[in-house]
Amino acid sequence: MEKLDLSIEFLGVKFPNPFCLSASPVGNDYDMCAKAYRSGFGGVVFKTIGPKSYFIDEVSPRFDAVGKEGTPFTGFKNMEQIAEHPLEENLADMKRLKKDFPNRVLIASIMGNDEQTWEDLARMSEEAGADMLEMNLSCPQMTSHAMGSDVGTNPELCKRYCEAVKRGSKLPMMAKMTPNITDMNIVAKACIEGGADGIAAINTVKSITRVDLDKLVGMPIIDGKSSVSGYSGAAVKPIGLRFIAQLHGDPALKDVQLSGMGGIETWEDAAEYILLGASNLQMTTCLMQYGYRIVEDLSDGLLRYMKKNGVKHLSELVGKASGSIIPAESLNRDYRIYPHIDEDACLGCGRCYISCYDGAHQAMEWNEEKRKPHVNDEKCVGCHLCLLVCPVKAISPGEIKYKEGRPVGTPKI
Amino acid sequence: MSQSYFEEAVKPFSPATVMEEVSRCLLCIDPPCSKSCPAGTDPGKFIRSLRFKNVEGAACTIRINNALGSVCARVCPTERYCQKGCLRSGIDRPLDIGRIQSFLTDYEEKGGLNFFEKKAPKNKKIALVGGGPSALQAAATLAIEGYSVEIYEKDSKLGGYLRGGIPEYRLPTEILDKEIQRILDLDVKAHLGVKIGEDISLDYLKEHFDAVCICTGFSKGKTLEMFEGKEDTITAVELLKKLKADPKGATLPEKVLVIGGGDVAMDAVCSLKMLGAKKVIDVVYEELPEMRASEKEVKSVLSQADSLICGYAPVSHEGHKTVFKHRFLESELTITSDLVVLAVGQTADVNGLSLTLEKGEAVGVYHSTSDPKVFFAGDLTPKNEKTVVYAVKTGKEAAWAMINRLEGKK
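Top line first, the protein sequences correspond to chains A and B. Numbered according to my numbering, the first sequence spans residues 86 to 498. Numbered according to my numbering, the second sequence spans residues 2 to 411.
Because the hints were derived from the structure by calculation, they are not lab data. Values in this document were obtained by computation on a predicted structure and should not be read as measured data. Even for Gly, the Cβ is constructed at its ideal location relative to N, Cα and C. Treat the hints loosely; a few may be bogus.
To give a feel for the contact side, a few chain A residues facing chain B, derived at Cβ under 7 Å [to be verified]: (1) E154; (2) G155; (3) L432; (4) G435.
Could you build the full structure based on these sequences and the hints that come with them?
Structure, rendered in structure tokens:
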């Protein structure tokens, strides 16, 4: 039997697996990228290189994290800009990486400030040995308005820059989208028109994570001040998935391959991105928190999922679930699924009763003496808030009832 | 690592670990943990406050419900009360409510927070006889309600059994002192080294105060007939008091036999071992399933005692030799020791207080004696467990019984 692997082709380049470092602090130099390759990453997007004239001057501190009780960070704020090392040094590192890891994919992330610099950076990256280019049109923490996420909201400008990049290099190229926009597809289409081969999404979400309540300053504090900058990590995954699904579901973009990112931490997150249309995956926040080693379980978990489902090539999974996302007005609204309570599993905490009363339709009744909930079918609308709040999953979907006058069928649930 | 007598055995939560712990809370409606706290400390409320980051509010809930919040957090056998109610047990294990409470009372202390607010003065005086936990809680409740309170304590410091009986590693003196100071700061007056019934009569108090509450507790260790008058025998109550007063100066015999299976026996065993006694053997009347000591205490004894023997009752004691017989089996046991420590229960010492006792407890309903001016609280309360949390409960109840009487309600 052929040994199962995670290899997948993306923009004409074969990746040993879909997992890549995204252009960020995790791929800052040769040593970091080399360690990532050795840890098992299929590719690396080297930290964005910019024009020689652009002076990088970082703040300290530059990160913040939003936690939830017991979880140190669910969301992460990053104020770091593009590559801090001189351009020549970055190009030399890329050259060395390609030489030492010829079978892994090296992607150069570039960011110009006019058509000429975009073109030049593309050419230099190709000369350094990159296999692919990624246009960073969307970094929210750049200090200049000619660079950064504001560029990514202007389809005309994006198209022109894509054309410039294509003049500089014929390498396969993806344009990286900002999520700080209502309709990403407009910009994505403009980039494809400008010559982009693929689309990467999402970059970080503009954010203010916290305010120090004693000092009355946003976090992180830099000499008594702070700034809006990019939010990432598990908290943004639902936003990333939405954009990937919308890009993949757009008929005008149906042949465009996507690189998905935003909050990927586990193989399950990875599978979700793939099922909604991504052929390639990038990550940063989880690596900053846990290190490159987590790629072991991303790979192994995804392989086991493929095996369990009889999937021979990862590409078979790409977009498999994107057809399931349809406009809300097209959903079947004919039936209700009533919750079923497993009395033996129920601990009697009453959370379902509280949530149903305060957040739904007062359908959950509460026996104070026995400490047991009971569903009143007359009032229940089948919203399933109770299922979500139950700490022991003692509530499950139960009886299906069709609304009066609706055709009775067998819904897929 | 061996436990030191001078260091608190239970290590505190950090701000991060306490949040991890409270995130395990199911946030039950009508929380069973709160219903299971005799003192009404309301863990369900303070845990929810902490879960929603209202740390100060959480600390406030503890303090206004329980004037001995820091003490209870440390010494309460929580597995019998709040933690027994915790529904999280249905998943894995109950929340560590005592340690969460310690975290919050430590937060209160470190932040110099004061949650007590006194009401307008009522111009009525109440005397409390004894300065242990029930008196301290009664004093706090009464002072907050605007009564002027005076405590008469026979020892040179307030605290009663908390000061003399509970070893340092379970309740640091520093914590107790701060807890007491918080109550004294409510303008509670303390007369120290004064024994009512000897130095001052109860009649004097009745004459000069609007109400008197007897809170003298079960301060005397019980003995057994065969040990009466024996020089090599001491009650655990006396021993613990001696050790706590001067732990470094105590000369410890080589071989000690402790008799008893409650928390006091456990404390005696552990204190002796921590302070350097060579061999400490504990013989318990109850068999394992009926042991009265709290989970935490038994656990510490298992890590400290040399031997723990269950199911034996002493039958004779002659010349350092104590003979036991098993309660159910044909088995006899002889132990030779330099010292015998008796931890076989405690009893009231109410000499000169003209208090009628029945089965060792006061006679009366709702903390009132037949004398309309005289009340009782703490261990003396009939059919109440003899624990600190019950001292707090009865202290509060007795305070309200007096307030209601003085205000003409019932």
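Consistency of the hints with the structure:
no. : hint : verdict
1   : E154 : holds (4 Å)
2   : G155 : holds (4 Å)
3   : L432 : holds (4 Å)
4   : G435 : holds (3 Å)
Taken one by one, the earlier hints all hold for this structure without exception.
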